[in-house]
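There are 2 protein chains.
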Amino acid sequence: MMTEPLTVQQMAQRLKAADDILILCHKNPDGDTIGCAGALYHALTAMGRSAAVLCSDPIPPMYAYTRMQLFTGQFAPRLVAAVDVASIQLFGENNRMPEFSHHVNLCIDHHTGNTGYADFTLLDSTAAAAAELLYEVLMEMEAPITPQVADCLYTGLSTDTGCFRFSNTTARTHQVAAKLIEAGARVQELNTLLFDTKSRPRMEAERIARNHLEYHLEGRCALIYLTRDEIASSGVDQADLEELTSLPVSIQDVLVGVTLRQQPGGSYRVSIRTAKGVDACSIARRLGGGGHARAAGCELLGNLENAKSAVLAEVEAELDAQEKE
Amino acid sequence: MMTEPLTVQQMAQRLKAADDILILCHKNPDGDTIGCAGALYHALTAMGRSAAVLCSDPIPPMYAYTRMQLFTGQFAPRLVAAVDVASIQLFGENNRMPEFSHHVNLCIDHHTGNTGYADFTLLDSTAAAAAELLYEVLMEMEAPITPQVADCLYTGLSTDTGCFRFSNTTARTHQVAAKLIEAGARVQELNTLLFDTKSRPRMEAERIARNHLEYHLEGRCALIYLTRDEIASSGVDQADLEELTSLPVSIQDVLVGVTLRQQPGGSYRVSIRTAKGVDACSIARRLGGGGHARAAGCELLGNLENAKSAVLAEVEAELDAQEKE
Chain S
13 MMTEPLTVQQ MAQRLKAADD ILILCHKNPD GDTIGCAGAL YHALTAMGRS AAVLCSDPIP
73 PMYAYTRMQL FTGQFAPRLV AAVDVASIQL FGENNRMPEF SHHVNLCIDH HTGNTGYADF
133 TLLDSTAAAA AELLYEVLME MEAPITPQVA DCLYTGLSTD TGCFRFSNTT ARTHQVAAKL
193 IEAGARVQEL NTLLFDTKSR PRMEAERIAR NHLEYHLEGR CALIYLTRDE IASSGVDQAD
253 LEELTSLPVS IQDVLVGVTL RQQPGGSYRV SIRTAKGVDA CSIARRLGGG GHARAAGCEL
313 LGNLENAKSA VLAEVEAELD AQEKE
Chain Z
13 MMTEPLTVQQ MAQRLKAADD ILILCHKNPD GDTIGCAGAL YHALTAMGRS AAVLCSDPIP
73 PMYAYTRMQL FTGQFAPRLV AAVDVASIQL FGENNRMPEF SHHVNLCIDH HTGNTGYADF
133 TLLDSTAAAA AELLYEVLME MEAPITPQVA DCLYTGLSTD TGCFRFSNTT ARTHQVAAKL
193 IEAGARVQEL NTLLFDTKSR PRMEAERIAR NHLEYHLEGR CALIYLTRDE IASSGVDQAD
253 LEELTSLPVS IQDVLVGVTL RQQPGGSYRV SIRTAKGVDA CSIARRLGGG GHARAAGCEL
313 LGNLENAKSA VLAEVEAELD AQEKE
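First to last, the sequence lines map onto chains S and Z. Read left to right, the first sequence gives residues 13 to 337 (this note's numbering). Read left to right, the second sequence gives residues 13 to 337 (this note's numbering).
Bound conformation, chain S alone (with noise of 0.2 Å):
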């Protein structure tokens, strides 16, 4: 399956020149895939277009803001477009999304491992989020940035890169930043609902799993867990939890922080977060996971105590081989 790079001004002409589209998110989305389903959906409206968002799993609740209208049949697609989508697994297989995944035409992504599904692929991956890119489609077809198409990027924007704090953020993300606050994007109300409201499970979660905050390896490593009963008598979704990886890494001096999750049936999902210098792929990838450099996973059978020495295990290896270097 080969697929057609195009430019942004073509991407833009490819846009413009089309009605009845379909925007496809990819499945648990997140406030990229879903900032640019919104604001293409919300530009395409306001140019006379009619257009519509499909998602294999449920917008979260917290991005009803975008406003976009959800595709229920209303039309026959003529144009099929993917946002943020890097695969054709990653479409998920609820709703009508089967039906559509399977031909594409447009795709505009930032994921370096696109794998070229679509009839024609807008492929950046200096670009912080898609919004970044989408930001210049819109500019190139002479879309309307309004304020709701602003608050719409703005969130692709900020929620891929932590708000700003991440590596990939450029001074390319901030110029675009600059000009959707310009066009009206609300800054202090979007960044408060994204960054800085947890629900009460999720609280309550993070509240057990410091609890069982643990040092080890002179204090080079930290680890927390949760069992399956703390997240069940929590209440807390498991997407809820991702954040939560993050957390024993913050420490100081910790170069690697472990989180161990119990699944539901029993096995404990571990994630693996380290400093800079430290491989947390190659930690991961001895105890049969994967991942990246500073972000990695495997999933562990038997129980927490065993599941923990084999982790740190691993851990002290590679923080030894590390020092050797």
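Quick caveat, the hints were computed from the structure, so don't treat them as lab data. Where hints are given, some of them may not hold.
[Said to hold, decoys possible] Subject to a maximum C-alpha distance of 25 Å in a straight line, what follows is the list of computed BS3-like cross-link-like pairs (lysine-lysine):
| id | chain 1 | residue 1 | chain 2 | residue 2 |
| --- | --- | --- | --- | --- |
| 1 | S | 210 | Z | 288 |
| 2 | Z | 336 | Z | 288 |
| 3 | S | 320 | Z | 210 |
No experiment lies behind these values; they were computed from the predicted model shown.
With chain S fixed as given, assemble chain Z onto it according to the hints.
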């Protein structure tokens, strides 16, 4: 006491014409006053001037990367310039500060309440950080924005805006951030240090406070507290606890977040944080304190239960009054 207001151009001219420049920070120095002092110090020395920085309190070790020269009498100051200091009281009394703070030549600041204590003042209260304003002064001076200067200015910008999250963040803030990244500011390293690193004592104090989390008034108010014994046993610095005060109000559906910290003398320091539309200052004022619309405080004598009841009664009164509006 009257100050003469300067434009960015006039401030740049006065700094460019000076030598043997003493730069003053405010007491309990934060990222903005330190970042500005560092940036001005490095810019001036790169331009061949002699300069040094004076602060009444020690510069926290986490800011060591600003690498500025502290004043130890190495020259007789011929110009005294204050950065991010709103009033004479904020200079503090330690080190040799009182020798110099009684006659300040230049002041660069962004606080609306600047008292005009300096001979000449560049004040712009629309700047999110004094660093945002100093960037313009340095550009006008044609000072070299080296990576070191960029790191310092970025520090002021990101700390005073909660990493571009707070309502003071404008398009201009992002435009300056973009320029600083182009000039070599190390986004990820600095943000990890400034926002994602917590000391072990801070983690322990937060663990205790979270175990004390209480919901009141049908979940509209959340409250945490720390006794002086708990603060002492955790080993945390008082300054390190400031950020905790934003925790209770970050919980979904909470309108008022209250944090009580017992002081060494036994009284309780009360921090009140509110959601948009609820007046924190009005609650604090009725308890003998004061502050801003969404962040205020007071001090209460008596035991914990009495302090809690007193605060909760006023929180309830304010929420009831607000509902009637």
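Notebook entry, point to check: Which of the numbered hints above does this structure break?
Noted result: Hint check: nothing fails, all pass.
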